[in-house]
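*Asks:* Given only the sequences and the hints, what does the whole structure look like? Please build it.
Protein chains: 2
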Amino acid sequence: MEISLSGGRFQSCLREIRKRARDVDDEKKGIKIKKEDWEKLHVHIASYNNFPTAAGLASSAAGLACLVFTLGKLMNVNEDYGELSSIARQGSGSACRSIYGGFVKWCMGKNDDGSDSMAVQLVNESHWDDLVIIIAVVSSKQKETSSTSGMRDTVETSPLLQYRAQTVVPSRILKMEDAIKNRDFESFARLTCADSNQFHAVCLDTSPPIFYMNDTSHRIISLVEKWNHSEGTPQVAYTFDAGPNAVLIARNRKTATLLLQRLLYTFPPQENDLDRYTTNMCTSDKHDHGSYMLGDKSILSDAGLQSIADVEALPAPPEMKAPNQKFKGDVSYFICSRPGAGPKVLTDEGHALIDSATGLAKGV
Amino acid sequence: MEISLSGGRFQSCLREIRKRARDVDDEKKGIKIKKEDWEKLHVHIASYNNFPTAAGLASSAAGLACLVFTLGKLMNVNEDYGELSSIARQGSGSACRSIYGGFVKWCMGKNDDGSDSMAVQLVNESHWDDLVIIIAVVSSKQKETSSTSGMRDTVETSPLLQYRAQTVVPSRILKMEDAIKNRDFESFARLTCADSNQFHAVCLDTSPPIFYMNDTSHRIISLVEKWNHSEGTPQVAYTFDAGPNAVLIARNRKTATLLLQRLLYTFPPQENDLDRYTTNMCTSDKHDHGSYMLGDKSILSDAGLQSIADVEALPAPPEMKAPNQKFKGDVSYFICSRPGAGPKVLTDEGHALIDSATGLAKGV
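Protein chains in written order, with this note's numbering: chain X, 830 to 1193; chain D, 830 to 1193.
Any given hint might turn out to be false.
Copies of one chain are not kept apart here, so a pair can be met inside one copy or by any two copies together.
[Stated by the list, open to error] Straight-line distance between alpha carbons at most 20 Å, and here's what the computed EDC-like set of lysine to aspartate or glutamate pairs gives:
| id | residue 1 | residue 2 |
| --- | --- | --- |
| 1 | 1055 | 985 |
| 2 | 1010 | 1024 |
| 3 | 1055 | 982 |
Simulated from the structure, these hints should not be mistaken for lab results.
*Replies:* The structure is reproduced here in structure tokens:
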């Protein structure tokens, strides 16, 4: 699919990067480009995102950050990550965070023009490498008619937002930084869940109200809350962005497998998804199409769930009061992942999406 | 069904009423009871509530207020409504409001023991008699596992509640009193909807979060918001109490019929409810069992919906973008009502639930 880059958000990024372009002199490849030549050159951009798009899971943030980072590398831009972060922010607000891996903080900045609104990395991805992330992509059959209202409506109409922004968030951010630095999962989980809920509370306090979460989201929260409560200490944190999909962060791999058992017990694949499960669940497919588990599928073996029969044989979690409550098909698929690194340049030609001979996207 | 009155909330009410009991001297009926005799007498209480119970629609408030009011009348209690309101409050917080008809305000009071926390009537039911209320009782098949958390959790854990209680609500109440006094429907509707949403926002901001509304509630809100927006001025206000059921207040009878058409278009009765519709919908059944419309059924004729065929023939409302979205069976039934009077003594023996000869509930 070819998309236009004429939109304001792309143009801002391109302009800022071009402004900073420098001479490129690659003797090995025999490439010599003068700073002033960049204005005359065309660039072919091919992009692949293995993450669900337009699902409120920051896929456009990932794409924009990747674009800015890659153009910066290509044009030999000599800026630190902070400046790249600030440029990415002009493409998509939250893209400023995706320039880094690990744990990142988005600083509001003080300038009216937003030029110092950028992200900084708190710690890299190796600092807290026990964490496992399971994302439940909630079935679109349940999706509400999409809301044209957004954060701007909330800023303009929610009486609670200002209090949240001025009073609640600043102190939470400090606590969250401490929790991350100390790998204090209990504090991390409590803050994460409370802040996710409060974000959705101010969405609801908007006029007209914005509902990103649906009944499935509520059920996932209840499942996690009940389990955490029965364990006496949080095993899993949840957070929901601008959509119904749950991002679940388990304190370690062992906890993630227990979580997955609970999730698959409650949200088994739909009848016509069984093929999807049995065929693709445990095999590795390069582009991961049509599987009920994307990303790190080895979590399924850890959880003892090699086949659909294993899923059907799962016992009800002991903390559940109504063990017959199952919601088949309410989750589209799961993604298993971990806190990862930021953008990086791949040098293996085989990974390239552009054919180095024609300069065109491969397969076009 | 016989229920025990040994619970603390009933006992508080009984004690307070007994304390205030006075001599009864009814020459016509030949009844003479001395004040001190009340302690020795037994009372048979028979109660009938035509409102859905335990659905988060204040049915216990209605019952408690009725009990306090009736015992007060029986025992010749010489207190004003304010004191009865305060006694009813001890049985069920919101019962203090149900002592009155029309529009009522619950004043927090200043005493630590809550003795001056009571309701006052702002205007009676004839002040604003254009309003029509349609309640959508949301199907229990969708009900979440009931939350054991309540308002106490919110008070203890929601950072937003205090701000709401101290800053937002006091000014809203003043505006609401003005709106009611001036029969200003636009202000009334905006305040009602905003405050309902904010109440549910602080429920969501609770740890663990409380979800009273579900996807059906969200859809009803979207339906009303879209319609109000397309009209440029509110036609209908919505408010949700501690449950998923929508209380919809239409500015007048004409608007209520247009609302009902929209509601029945989106939430038609389920296949196996069709009998319920055709048989009972338009006939008056004393206890209104098994009908898809309770209360004032004449609204159906106004809306041109005498049969299920009329419902099926309803055109999509012009403001709807996705006209094929129907959610059959997601609403259990509707109730059509109006702002009414408070408790009153019925003198017609035929209405009595107790047999005057045996002193026992009729039919026992």
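*Asks:* Each hint should be assessed against the structure and marked as holding or not.
*Replies:* Here's how the hints hold up against the structure:
1. Only between protomers do residue 1055 and residue 985 lie at most 20 Å apart by alpha-carbon distance; the minimum there is 19 Å, versus 35 Å within a single protomer.
2. In the homo-oligomer, the alpha carbons of residue 1010 and residue 1024 lie at most 20 Å apart inside one protomer (18 Å), although the nearest pairing across protomers, at 40 Å, exceeds that limit.
3. For a Cα distance limit of 20 Å, the shortest separation of residue 1055 from residue 982 across copies, 15 Å, qualifies, whereas the shortest one inside one copy, 33 Å, does not.
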